[in-house]
Amino acid sequence: METKILQANLLELIRRTSAELPGDVKQAIAKGLRKEKKDSSGQYALQVISDNIGMAKVNSLPICQDTGTIICYAELPSWCDEKTFRKTYERAVVKATKVGYLRQNSVDSITGVNSGNNLGPGNPAYHFHPAKGKSLTVKMMLKGGGSENMSAQYSLPDNRIGAGRDLEGVRRCLLDAVVNAQGKGCGPGILGVCVGGDRGSGYVAAKETLFRLLDDKNDDKRLAKLERQIMKEANSLGIGPMGFGGETTLLGVKITHRNRVPASFFVSVAYMCWAFRRNGFQMGEGGKISRWLYES
Amino acid sequence: MLLEAPFTEEKIRALKVGDKVEITGLIYTGRDAVHKYLHDGGKPPVDLKDSIIYHCGPVVVKEKGKWVVKAAGPTTSIREEPYQGPLMEQYGIRAVIGKGGMGPKTLKYCQKVGAVYFHAVGGAAQVLAERVVDVPNVHLAEKFGSPEAIWEFQVERFPVVVTMDSHGNSLHDQVLAASSDRLKDILG
Ligand code: SF4
Chain C
4 METKILQANL LELIRRTSAE LPGDVKQAIA KGLRKEKKDS SGQYALQVIS
54 DNIGMAKVNS LPICQDTGTI ICYAELPSWC DEKTFRKTYE RAVVKATKVG
104 YLRQNSVDSI TGVNSGNNLG PGNPAYHFHP AKGKSLTVKM MLKGGGSENM
154 SAQYSLPDNR IGAGRDLEGV RRCLLDAVVN AQGKGCGPGI LGVCVGGDRG
204 SGYVAAKETL FRLLDDKNDD KRLAKLERQI MKEANSLGIG PMGFGGETTL
254 LGVKITHRNR VPASFFVSVA YMCWAFRRNG FQMGEGGKIS RWLYES
Chain R
116 MLLEAPFTEE KIRALKVGDK VEITGLIYTG RDAVHKYLHD GGKPPVDLKD
166 SIIYHCGPVV VKEKGKWVVK AAGPTTSIRE EPYQGPLMEQ YGIRAVIGKG
216 GMGPKTLKYC QKVGAVYFHA VGGAAQVLAE RVVDVPNVHL AEKFGSPEAI
266 WEFQVERFPV VVTMDSHGNS LHDQVLAASS DRLKDILG
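Note that the protein sequences, when read in sequence, are chains C and R.
If you count the first sequence from 1, position 47 lands on 50 in my numbering, and the numbers rise without skipping.
If you count the second sequence from 1, position 53 lands on 168 in my numbering, and the numbers rise without skipping.
Incorrect hints may have been included.
From the structure, some residues in chain C lie toward chain R, with a derived Cβ separation under 10 Å [to be verified]:
#1 52
#2 66
#3 103
#4 164
#5 165
#6 168
#7 174
#8 188
#9 242
#10 247
Straight-line C-alpha distance at most 35 Å; calculated DSBU-like pairs for lysine-lysine [what the hints assert, rightly or not]:
#11 R:177 to C:40
#12 R:131 to C:41
#13 C:101 to R:177
#14 R:185 to C:60
#15 C:228 to R:299
#16 C:29 to R:299
#17 C:101 to R:179
If you are wondering where the hints come from, they were derived from the structure by calculation, not from laboratory data.
Keep in mind the model is a prediction, meaning the values are calculated, not measured.
Virtual Cβ for every residue (Gly too), placed ideally from N, Cα, C.
Extracted from the complex, chain C is given alone in its bound form (with noise of 0.2 Å):
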């Protein structure tokens, strides 16, 4: 494999990711804006959203200052090992650190020194599969530290929301949360819920499923019923963008389960600003990049 033309093509989707929103979130917020009410200050602050998503793309500069954790999702062929990717996608995120596509966002904990180009322990942060078939799927993530600080985990039976061990429990936890987040995590947000599991793989699950395009619909029924009913109470909450007031307070609600142990069942909640930034790219040996998995 050329690591050359992969790393070009990694640097690119890192550029897109940072300042392109991918279709179906600019959809989501095209349809929020046409809900809000004239003149309010909710349809407002969409109005500067969504010319800041325009500018961000027009400029190709960050859609946000806060460029987020680093997550990247990969799905190796036999043709591209782990070590051989990692070592390629970090020179691409430190070239993309270099030309302002992404901030240094890279601080030691024990120390509070900033590395200055996105590399440290556990960043960026990754996860392998292999590939079902010949190509090599990468899928990334910019995940801003205001929506992850409203990221929350529930462990069930919860007495202070009068939550127990159902679905009924799930949609308390989950309408809690969107009550806590407003006017912190630069709403309107999403939500990617993970009910089962144990606290790390149920955060890991969570976050994974909001890949999932926000008009698509849940295979599970029951939890498709639960995604529309959370989407409607939510957006009836009055607390709209930016917890200014509204109509638009969620963009989008996926939930996806685990098993969990008899004694334990979690509700993980991974809170997405409307800064959500996602995209993926899929590419044969040869190194041609047959699909974007999102339009823009």
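Based on these hints, arrange chain R with the ligand on the given structure of chain C.
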């Protein structure tokens, strides 16, 4: 509505929660280091009478000998809650711009001294940077580093919403109360 410098008490007192405002004039950035410095008795390098402080750690670069702002979104304001009110009173600061709102202490001082809290749109780095048309000067950059320095920003039609006014109202409190009530209704 438009708010143009000078930012007098009269103009600020006329603002109400929910007002959409476009600010034109000179404002100053200041975040954690600056607030701590002033609170500890440090001398302000600029005259803060009737000023607006922007909670922002901007990305500013020098191009052809001139400062150019590349990103200028707001940062979370609540960290300055212990200092903000007293500093408003001591120096005559008329408004702060930030995100996430501030607490009861700041709200009280807004009422007392005639000041407001403006909420900028979080994450809108590009739009907000574009509205900074000139950067005449920077202060305390050596001491605190670029993001924590006091930058002078000449802004034009800088878009914000009044979320805390000088009449004791906070949009944050109102939306929280209303949404919590509504949640109780939904859950029955
Ligand atoms: S929460 Fe999102 S939009 Fe807001 S500052 Fe952080 S990354 Fe940007």
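Hint-by-hint comparison with the structure:
Satisfaction of the interface hint for residue 52 (chain C) is found here, the shortest Cβ-Cβ separation to chain R being roughly 6 Å, below the 10 Å cut-off. Nearest Cβ of chain R to the Cβ of residue 66 (chain C): about 7 Å, under the 10 Å cut. The hint holds. Interface hint status for residue 103 (chain C): upheld, as the beta-carbon distance to the closest one in chain R is roughly 7 Å, under 10 Å. About 8 Å separates the beta-carbon of residue 164 (chain C) from the nearest beta-carbon of chain R, less than 10 Å, and the hint is met.
Because the smallest distance between the Cβ of residue 165 (chain C) and any Cβ of chain R comes to about 7 Å, under 10 Å, the interface hint for this residue holds. Here the hint on residue 168 (chain C) is broken, as its CB sits about 17 Å from the closest CB of chain R, past 10 Å. Hint status for residue 174 (chain C): holds, given a least beta-carbon distance of 9 Å to chain R, under 10 Å. The criterion of a C-beta within 10 Å of any C-beta in chain R is met by residue 188 (chain C), whose closest approach is roughly 9 Å, and the hint holds.
A hinted interface residue such as residue 242 (chain C) counts as satisfied when its beta carbon comes closer than 10 Å to some beta carbon of chain R; here the least separation is about 5 Å, so the hint holds. Against a cut-off of 10 Å between C-beta atoms, the interface hint on residue 247 (chain C) holds, since the closest Cβ of chain R lies about 6 Å away. Pair hint residue 177 (chain R) plus residue 40 (chain C) does not hold up; C-alpha atoms about 41 Å apart against a cutoff of 35 Å. Taking the CA atoms of residue 131 (chain R) and residue 41 (chain C), the gap is near 18 Å; set against the 35 Å cutoff, the hint holds.
Annotation: proposed proximity of residue 101 (chain C) to residue 177 (chain R) holds, straight-line Cα distance about 16 Å (limit 35 Å). Between residue 185 (chain R) and residue 60 (chain C), the direct Cα distance comes to roughly 14 Å. Compliance with the 35 Å bound is thereby established for this hinted pair. For the hint linking residue 228 (chain C) to residue 299 (chain R), the alpha-carbon distance of about 21 Å falls within 35 Å, and the restraint holds. Under the criterion of a C-alpha separation no larger than 35 Å, the hint pairing residue 29 (chain C) with residue 299 (chain R) is consistent with the structure, at around 32 Å.
The hinted pair formed by residue 101 (chain C) and residue 179 (chain R) meets the criterion: a straight-line CA distance of about 20 Å does not exceed 35 Å.
In this structure, the hints that do not hold are numbers 6 and 11, in rising order.
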